[in-house]
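Undergrad: With the hints as extra help, turn the sequences into a complete structure.
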Amino acid sequence: MSTSQAVFSLKGKPLNSFGLTKKVVYENEEFNLVQAALNIEDGLEGLRYNHVIIATDADVDGMHIRLLLLTFFLQFFPDLVKKGHVKILQTPLFRVRNKKETRYCYSEEERLQALTDLGKNPEITRFKGLGEISPDEFKYFIGEDMRLEPVLVTKDHSIEEILTFYMGKNTPDRQKFIINNLKTEEDLDEKD
Amino acid sequence: MSTEEEHSEEEELNQDEANSEEKEELSVELIEVGDNGVPGGGDDNIVSLSGMYEEWFLDYASYVILERAVPALEDGLKPVQRRILHSLNELDDGRYNKVANVIGNTMKYHPHGDASIGDAMVQIGQKELLIDCQGNWGNTLTGDGAAAPRYIEARLTKFAKHVVFNPKTTVWLSSYDGRNKEPDNLPVKFPLLLAQGAEGIAVGMACKILPHNFIELIDASISHLRGKKVDIYPDFPHGGMADFTNYNAGLRGGKVRVRATITKVDKKTLKISDIPFGTTTDTLIDSIVKATEKNKIKVKKVEDNTAAIAEIIIHLPTGVSPDKMIDALYAFTNCEVSISPNAAVIQGGNKPVFISVNEMLKHSTDRTVDLLKLELEIRKAELENQWHWASLERIFIENRIYRDIEEEETWEGVISAIDKGLKPHTKHLKRKVNEEDIVRLTEIKIKRISKFDAFKADETIAKIEEALKEVQGYLDNLIPFAIDYFKDLKDTYGEGRERKTEIRIFDSISAKKVIVTNKKLYVNREEGFIGWTLRKDEFISDCSEIDDVIVFFATGKMLVTRVSDKKFVGKGIIHVSVWKKGDKRTIYHLIYQDGKGGASYMKRFDVSSITRDKEYDLTNGATGSKVHYLSCNPNGRKEVVAVKMRPKPNLKKLRFDIDFEELIIKGRGSKGNRVTKDMISKVEQKEVGGSTLAARKVWWDDVVRRLNDDGRGTLLGEFRGEDKILTLHQSGNYKLSGFELATKFDHDLISIEKWKPSHPVAAVYWSSVKELYYIKRFLVESSSKKVLFIPEEEGVELVVASTQHKPKIKIVYNKRLKETKHLKDKVEEVNDIIDIKGLKAQGNQLTKLAVKDIELLATVEGEEWPVEVFEEPIAQIVEEQIDETVSEELRKTRSRRCRNTFRRSS
Chain A
22 MSTSQAVFSL KGKPLNSFGL TKKVVYENEE FNLVQAALNI EDGLEGLRYN
72 HVIIATDADV DGMHIRLLLL TFFLQFFPDL VKKGHVKILQ TPLFRVRNKK
122 ETRYCYSEEE RLQALTDLGK NPEITRFKGL GEISPDEFKY FIGEDMRLEP
172 VLVTKDHSIE EILTFYMGKN TPDRQKFIIN NLKTEEDLDE KD
Chain B
841 MSTEEEHSEE EELNQDEANS EEKEELSVEL IEVGDNGVPG GGDDNIVSLS
891 GMYEEWFLDY ASYVILERAV PALEDGLKPV QRRILHSLNE LDDGRYNKVA
941 NVIGNTMKYH PHGDASIGDA MVQIGQKELL IDCQGNWGNT LTGDGAAAPR
991 YIEARLTKFA KHVVFNPKTT VWLSSYDGRN KEPDNLPVKF PLLLAQGAEG
1041 IAVGMACKIL PHNFIELIDA SISHLRGKKV DIYPDFPHGG MADFTNYNAG
1091 LRGGKVRVRA TITKVDKKTL KISDIPFGTT TDTLIDSIVK ATEKNKIKVK
1141 KVEDNTAAIA EIIIHLPTGV SPDKMIDALY AFTNCEVSIS PNAAVIQGGN
1191 KPVFISVNEM LKHSTDRTVD LLKLELEIRK AELENQWHWA SLERIFIENR
1241 IYRDIEEEET WEGVISAIDK GLKPHTKHLK RKVNEEDIVR LTEIKIKRIS
1291 KFDAFKADET IAKIEEALKE VQGYLDNLIP FAIDYFKDLK DTYGEGRERK
1341 TEIRIFDSIS AKKVIVTNKK LYVNREEGFI GWTLRKDEFI SDCSEIDDVI
1391 VFFATGKMLV TRVSDKKFVG KGIIHVSVWK KGDKRTIYHL IYQDGKGGAS
1441 YMKRFDVSSI TRDKEYDLTN GATGSKVHYL SCNPNGRKEV VAVKMRPKPN
1491 LKKLRFDIDF EELIIKGRGS KGNRVTKDMI SKVEQKEVGG STLAARKVWW
1541 DDVVRRLNDD GRGTLLGEFR GEDKILTLHQ SGNYKLSGFE LATKFDHDLI
1591 SIEKWKPSHP VAAVYWSSVK ELYYIKRFLV ESSSKKVLFI PEEEGVELVV
1641 ASTQHKPKIK IVYNKRLKET KHLKDKVEEV NDIIDIKGLK AQGNQLTKLA
1691 VKDIELLATV EGEEWPVEVF EEPIAQIVEE QIDETVSEEL RKTRSRRCRN
1741 TFRRSS
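Chain order of the listed sequences is A and B. Note that our numbering gives residue 87 to position 66 of the first sequence, counting from 1, and the numbers run on in steps of one. Note that our numbering gives residue 945 to position 105 of the second sequence, counting from 1, and the numbers run on in steps of one.
For the record, the hints were derived by calculation from the structure and aren't laboratory data. Keep in mind that a hint or two might mislead.
[Unchecked claim] Using 20 Å as the maximum straight-line C-alpha spacing, the simulated EDC-like pairs for lysine to aspartate or glutamate come out as follows: (1) A/197 with B/895; (2) A/197 with B/1634; (3) A/176 with B/1387; (4) A/103 with B/1347; (5) A/190 with B/895; (6) A/204 with B/895; (7) A/176 with B/894; (8) A/149 with B/907; (9) B/948 with A/80; (10) A/149 with B/1017; (11) A/204 with B/907; (12) B/948 with B/1024; (13) A/190 with B/894; (14) A/149 with B/954; (15) B/1191 with A/194; (16) B/1680 with B/1634; (17) B/1164 with B/1347; (18) B/1095 with B/1347.
[Claimed, not checked] Computed spacing ranges between beta-carbons, pair by pair: (19) B/1024 with A/130: 22 to 32 Å; (20) A/192 with B/1133: 36 to 46 Å; (21) A/152 with B/1011: 30 to 40 Å; (22) A/160 with B/1147: 31 to 41 Å; (23) B/1019 with A/152: 14 to 24 Å; (24) A/130 with B/1319: 47 to 57 Å; (25) A/152 with B/976: 31 to 41 Å; (26) B/1011 with A/130: 54 to 64 Å; (27) A/160 with B/1016: 24 to 34 Å; (28) B/1319 with A/152: 29 to 39 Å.
Backbone N, C-alpha and C fix where the C-beta goes; we use that ideal spot for every residue, glycine too.
TA: So this is what it looks like as structure tokens:
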């Protein structure tokens, strides 16, 4: 279905751009290249791609990169996000396969379903990084059945508030919030 | 560098330079699709932006806090460190392993980059406690990195094997891929976290725990076990000096000041021999160069001779005081650093807690006791099993129960026959005989039965019983057992781990007092400008860029302000000078007219404290007041002025003198004394003289080891002009110094006093080559350098030295030797046994007999130096033991004792 795709590879974690001025978009090589690749320097009219999809590993550092990238877009190109162009690529968390069939599962429920469908002793592989997925597998994940999570700006919180809280200076409030909501490994395993 | 822990392992969300571990694959997809198409799967679970942020943020923050940057309270390790140690233990065969292999093995448990594991491992190695390092592991002094992991090798130290591991008491978890088992926590029986320190930046919190002293930690653990309060202070591997006054037990909000050890080599050279924690010689030199570039200090050349020990040589340009320079280095460079501890640990694997280092120590000690108890219980159970089996085997063979099975045809029959056969003999056993035991009995080899020796079997059982009794004894006396365990740790591994950082209380260094004066102060009186760029205007004096300046105006107003390049302060300036806070020796003389046509007043005052940039009125405040005369008198010098009156009928005295010496010095706010109610036409200075102020009283503060004039410590006396301070040193030197408050004194100082040239010094020294004590008296000769007053020979050691009027020494003979066994201790009046001779004289032999102690006795009352108002300090020096080879350690103790004694006597 996709007529054309292009991949822009980031080198390492991007800068936390919260609280910085637009100057950084020109000074930071990575940001400058993203801006040029999307052609949004002078507004959304010239946007070259309808969907800007953030694809990261499904591990904690991947979550961090999502935060950093989304912050960059919200900080300097809020309209890109508000108009619904920014998406998060969901990659499977598990591959369940037996000799006949291979299933990619995006959640714990799907994994359990696959286990009942495929019977005894299927091989289960857990994907945490994009690097763990072979090229021929990967083409399914960005093809017809691509799963995308849209980034939706709702009115319950202002963008400014969200960014200040999560990406700004550490505050006693935030420390309390973190400590009270810490996810232990067991929590994460359950969730997966 | 040991303090930049986990450099690649931590990052904060809002950190500028976020570095990733293995993030080469991530990408932003730029996808072009048709106009109407939203690609892909269902959007059933719509998550709002704030929901996304919250989820991702908590995922990341939780992980970084719990699994990366903050150590566990239980074993004091971060996950990467725990996995490295577990790997080292797993691979341990007594030989060195290539670090690259250890890293690879660690990755079975730690699914992260090899570089970050390698860095973490080098940091553990550099702490020289757990890893025995082979090859170039870098230099923490210079900051040079380790060689590549394929070159360097590692194995666990004996200490690590002793205190860190025990598979029996370890709780095991499945590794991330389920292929291996890894420890939940390592059963560390030592306050490892406090010994090694830890640093990590997580999200929403950070952790900074400073390293503490190995021996002191063990002592503190023992104290805690004995129910005493514990109070521990950091100790840094690089030594130096530190002020822990505000340590705050390592909690957030505390502050530790650490200083390099800087010594004067000579008038133009300083040597840095210990660098502060957290610095390297490279960063230290950088900070010195930067301070030089900013004109804060003046340095000619810096040399780095660091290899095994730190040594930075600083060459000073001529005219720079080395004492002032030492203070300036502390004030403006990394020679003094301030460290903010921030104790944070993870308790129970899921809860960050912020507890003091003392609490951590108690926790660790209590856990050690629990682990020791667990070990003992396991040992007890093993012994009980052994005992049970040995007893059972004995019954089985002695009573020939194996014969009972000859008739049996079924397996069940065999079992029940043995069971039946055993029954009458098993009453004394501690537990029931079960089938497992019986099966095991059936497996006994015939050879064993035929060679069975009842006597030997009894012996084995007795041995087991003995061991059991011992273990039970330990269990019943768990706390003494734990104390013995800690004592054993100290004896076995404590050697060479003595405190390295000297605990001190630092005086605060005023930057203004030590900064170089590199600017020139100019004034434009009429326009009302001051500053260092007004080169065309009137030059006042040299100044530094952070100096304050005092300005007086014709209106009688006064102002103190910070100097700058060019600053408007107000028109009509009559006096400008650099102002020093707390200066009570600069006295201003003022004559002013109170209001237009009013009477004139005179006053003498100092300006020692003031609010910057606030205008003060020195007159009585009436409008139209004006200043007739103002002078600034350094050191409170005398001044006589001539007052010329405006002629007026009936005014007889048109000229008269005012001697300001007769006026009492008051505060700047006083009204002053009336000079005349008539109009003054002119005031002129007539003569100035010497100081009217008292000689400077100087005190010695033994805590910060500095001179002061604030009355802290011992009064040394009143000083003026060329008066000098005499210090005697353990090295056998004396030194004469001026009484400038910035003067620094060497560490081995044993006495300090005002020098009186007629007072001789008495000294006893020991020559280990000749095995004799010598005594001498001499007069101190004026010299600007250190002067050695004991012979410059090998093995010569100063024993006592004194400047008392009539010093007495007590000679304690060695009672262990035959010839001196019955000799009573002898008290000698030094003045009676030796005359004053030259400085270089060898002196007389004190005695030929074997001596244990030489003590200097306190002067008896009434025997102080006559005509002295001020009491002489009395040095009392006690020698523990004089050996042919006085060890370095003993020398240290001795000089410390000398210092203590001195403090007491003052």
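Undergrad: Run every hint past the structure and note whether it holds.
TA: For each hint, the structure was consulted:
1. A/197 with B/895: Between residue 197 of chain A and residue 895 of chain B the Cα gap is close to 16 Å, so the pair holds against 20 Å.
2. A/197 with B/1634: Outside the cut-off at roughly 66 Å; violated.
3. A/176 with B/1387: 56 Å, violated
4. A/103 with B/1347: 59 Å, violated
5. A/190 with B/895: 19 Å, holds
6. A/204 with B/895: Given that 20 Å is the threshold and the Cα spacing comes to 10 Å, the pair holds.
7. A/176 with B/894: 16 Å, holds
8. A/149 with B/907: 16 Å, holds
9. B/948 with A/80: This hinted pair holds, its Cα atoms lying about 17 Å apart.
10. A/149 with B/1017: At roughly 11 Å apart (the allowed maximum being 20 Å), residue 1017 of chain B and residue 149 of chain A satisfy the hint.
11. A/204 with B/907: It holds: about 11 Å lies between the C-alpha atoms, which stays within 20 Å.
12. B/948 with B/1024: Cα-Cα ~15 Å, so holds.
13. A/190 with B/894: 16 Å, holds
14. A/149 with B/954: 17 Å, holds
15. B/1191 with A/194: 17 Å, holds
16. B/1680 with B/1634: 16 Å, holds
17. B/1164 with B/1347: 14 Å, holds
18. B/1095 with B/1347: 15 Å, holds
19. B/1024 with A/130: 22 to 32 Å: 30 Å, holds
20. A/192 with B/1133: 36 to 46 Å: At roughly 37 Å between Cβ atoms, residue 1133 of chain B and residue 192 of chain A fall inside 36 to 46 Å, so the hint holds.
21. A/152 with B/1011: 30 to 40 Å: 32 Å, holds
22. A/160 with B/1147: 31 to 41 Å: The hint (31 to 41 Å, Cβ to Cβ) is violated, given that residue 160 of chain A and residue 1147 of chain B are roughly 58 Å apart.
23. B/1019 with A/152: 14 to 24 Å: Given a distance of about 19 Å, which is inside 14 to 24 Å, the answer is holds.
24. A/130 with B/1319: 47 to 57 Å: Holds, since residue 130 of chain A and residue 1319 of chain B (Cβ atoms, about 54 Å apart) stay within the stated range.
25. A/152 with B/976: 31 to 41 Å: 33 Å, holds
26. B/1011 with A/130: 54 to 64 Å: With a Cβ separation near 31 Å, residue 1011 of chain B and residue 130 of chain A fall outside 54 to 64 Å, so the hint is violated.
27. A/160 with B/1016: 24 to 34 Å: Holds: the Cβ-Cβ distance is about 28 Å, inside 24 to 34 Å.
28. B/1319 with A/152: 29 to 39 Å: 54 Å, violated
Hints 2, 3, 4, 22, 26, 28 from the list above are not met by this structure, while the remaining hints are.
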